[in-house]
Amino acid sequence: MKEKTKYIPIPSRSILPERDAARDPVLECVNLGITLGGIKAVEDFNFTIGRTEIAGLIGPNGAGKTTVFNLLTKVYQPTTGTILLNGRDTHGMNTMQVNKAGIARTFQNIRLFRNLSVIDNVKTAMNNEMHYNMLSAILRLPNYRREEVAAHRRALKLLSIFDMQNMADVPAGSLPYGAQRRLEIVRALATNPSLLLLDEPAAGMNPSETADLMDSIRKVHEMFQIAIVLIEHDMSLVMNICEGICVLNFGHIIAKGTPDEIQSNPAVIEAYLGRKKEA
Amino acid sequence: MTMRRLINLKRVEARRIYLTYAVVIAAYVICQVMSSTGFLSSSMRGMLVPICAYMVMAVSLNLVVGILGELSLGHAGFMSVGAFSGVAAAFLMQGVIPFAPVRLALAMAVAAVFAAVAGFLIGIPVLRLKGDYLAIVTLAFGEIIKSILNNFYLGVDSQGLHFSMLTDTTRLLKGGKLIIRGPMGISGIQKIATFPAGFILLMIALMIVFNLVNSRSGRAFMAIRDDRIAAESIGLDITKYKMMAFVMSAALAGSAGALFAMNYSTIVANKFDFNTSILILVFVVLGGQGNMLGSIIAAAVLTILPEKLREFSEYRMLLYAVILIVMMLATNNAEIKNFLAGLNPFRRKEEAE
Chain A
0 MKEKTKYIPI
10 PSRSILPERD
20 AARDPVLECV
30 NLGITLGGIK
40 AVEDFNFTIG
50 RTEIAGLIGP
60 NGAGKTTVFN
70 LLTKVYQPTT
80 GTILLNGRDT
90 HGMNTMQVNK
100 AGIARTFQNI
110 RLFRNLSVID
120 NVKTAMNNEM
130 HYNMLSAILR
140 LPNYRREEVA
150 AHRRALKLLS
160 IFDMQNMADV
170 PAGSLPYGAQ
180 RRLEIVRALA
190 TNPSLLLLDE
200 PAAGMNPSET
210 ADLMDSIRKV
220 HEMFQIAIVL
230 IEHDMSLVMN
240 ICEGICVLNF
250 GHIIAKGTPD
260 EIQSNPAVIE
270 AYLGRKKEA
Chain B
0 MTMRRLINLK
10 RVEARRIYLT
20 YAVVIAAYVI
30 CQVMSSTGFL
40 SSSMRGMLVP
50 ICAYMVMAVS
60 LNLVVGILGE
70 LSLGHAGFMS
80 VGAFSGVAAA
90 FLMQGVIPFA
100 PVRLALAMAV
110 AAVFAAVAGF
120 LIGIPVLRLK
130 GDYLAIVTLA
140 FGEIIKSILN
150 NFYLGVDSQG
160 LHFSMLTDTT
170 RLLKGGKLII
180 RGPMGISGIQ
190 KIATFPAGFI
200 LLMIALMIVF
210 NLVNSRSGRA
220 FMAIRDDRIA
230 AESIGLDITK
240 YKMMAFVMSA
250 ALAGSAGALF
260 AMNYSTIVAN
270 KFDFNTSILI
280 LVFVVLGGQG
290 NMLGSIIAAA
300 VLTILPEKLR
310 EFSEYRMLLY
320 AVILIVMMLA
330 TNNAEIKNFL
340 AGLNPFRRKE
350 EAE
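Protein chains in written order, with numbering that gives the first Met the number 0: chain A, 0 to 278; chain B, 0 to 352.
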C-alpha cells in the first residue's frame, strides 16, 4: 500500500480562516466558478482542505454541492478559477487524470459496475497499479497470476474494512442498498486517493445504518490518513464527523466554520429555514 | 443479515467457461465421428468450416457488443479484410511453405494482423462516438471496406507485389499473377481450410476472450459498459480500453475471415456486406450479449437452418424469420427461461436472481 503522509496531530479547521490547512493543504480552490446554461452554478468558491481533514459541504437542494464535486473531478471544466491538488494545478486534466493525481469520489445516485462482482468492482479500481499486459493475461503468464493474487488480497482487505469480504463474489447490483453505498467508498479507496469525495453517503439510510457509516468513515480516516469531503443532508452525521463545514447556497459560500459555529450562524439558518417575519 | 440467497458470480462464471469449452469439444468430436462414419451429408460437411468461421465471428463481435457494450454494425468489414489478406498471404507462401496447415495458420495470423490494423485505424474516429452514432459509423466503415476491396487490384511478379486502385494498372511482368482482381475478387483459392483448423481457431478465440475478460482489461471493458462515468472516476482510460477491445475483436474477425475464404475457391468483397454484419449481430443478440456459448450455438443454428429449410423452397425465408422471432420471444420470456432453468441443473442458480 502507498505510504501516506504522516498525520499531523493538530486540530485542523482550515475551512475557518485557512490557517491550519495552509501548512499542508491537499486541495486548494481559488475563485472556482462555472456557468451552466447561462446560470452561474458555482461562483467564487474558495476552499482549502488539509491533508488529514474531514470537511462537510452542506446546503439546500440545488445549492451547487454536487457541481463542486463535478468541478473537482473535472466532469465539468471550470469556467473560472484554479484547483490545486497537492500543490499541482489540475487545469486541463480530465476525470481520469484527476483520479490518478489523487481524487476519488462516490456518486449521489450509486454508480457501481452492477454486473461485476463486488471484488471485481474493487479490483477494477486497482487497474492503474497493475502492470501486466494483454499478452500476459491471455497466456496466463506468471506476472498475471502474481499481480492478480496481490490485487485480490488487497481488495479483500479493503472490503473487510466494511465487513464485506464475505460478499466478494456477489454481483454488485444485487447488494442491499447500504452495502452498495459502502462498496462505492471501497472502490474509491482502492484508487489510493489523497482526497476522498463522498456525495451523500448516508442518503436513504436508516439511523442505525448511518451510525455504522459514521464509524466506517472515521475508520477509513484513521487508517488511510486522507482528506475527506462529504456532501450530506443528515446533519447529525455532518456535525458529528466533520472538523470543518462549508455551507453553500445558490452557488456561493455563505458560511465556513466548525460545526458549532455553523449551527448558530444566522445566514445558514436563513438558507435552510427561510427568513423570519417573511410570511 | 436477512439477504436473499445471492448468486456466486465467480462460481457461475467458471462453470460457464468450462461448459463452453466442453460443449465445443463435444460438438467437434461428434461431428468428426459422424463425418467419418458417413452420417453427415455432404452438404452438411461442406458447412462445417463456415460454421466454425461464423462462430468465431460471433465470439469476436460478442467481445465488442456484449463485453464492451458498444454496438458495431460493420463487423463483416474486418472479416473481409482478413479474408483477402489471408488468402493473398497463403497464395504468396505457396512456394515457400508446402505444408498446408502451417500455411493456413500463418495466413490466419497475417489476416489477424491486417484486420487489427484496420480495426485500429477505424477505431480512431469511431470510438470517440457513443451508442447509436457509433453503430451508424461502423456500418459506414463496413461499407467503405467493401468498396475499397471491390476496387483493389493486387498482383505479384518477379519484381514483387504491385497494387492499384479502381482499374488494373499493375502491369505485371510475364509470369506474374493477379491475385486480387477488384470486383472479381480472388479466384482459384486453394481450399486448405479444414474443420480441425476451424475448431482450433474457435478454441483459441474462446481462450483469448475468456482470459481477457478475467483480467484487468476485461474488467475495464465491463466497467465501461456498466458505467462510463464511474469508470472514468476510478482512473480508467476509456479510449484505450475501447480501442483494445475493438482491435482484438477485429483481429479475431480477420482470422475467421481467412478461414472462411479458404473454404471456397472464389471469394468476392460483396460476400461481406451489411447483411453479413447483421447476421453476425443476430448471432450475438440471439445467443445473449456477453454469453459466448449462446452466440456460438446461435451461429450454428442460424447457419444450418436456412439450408435445412430448403425443402420449403419459396417459404424458406418466411419460415426462417418466423423461427427467429419465436426464438427471440422465447429467450426473452421469463416463464420459459425459468422453465428451462429448472431443467438445467447447471443454470438453476444463475437464473435465480
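These aren't lab readings, by the way, just hints derived from the structure by calculation. None of these values were measured; they are calculated from a predicted model. Some hints could be false.
[Unchecked claim] Some chain B residues close to chain A (C-beta under 7 Å, calculated; not the full set):
id, residue
1, 9
2, 219
3, 233
4, 310
Backbone N, C-alpha and C define an ideal beta-carbon position, used for all residues, glycine too.
Structure-based check of all given hints:
no.	hint	in the structure
1	9	4 Å, holds
2	219	6 Å, holds
3	233	4 Å, holds
4	310	43 Å, violated
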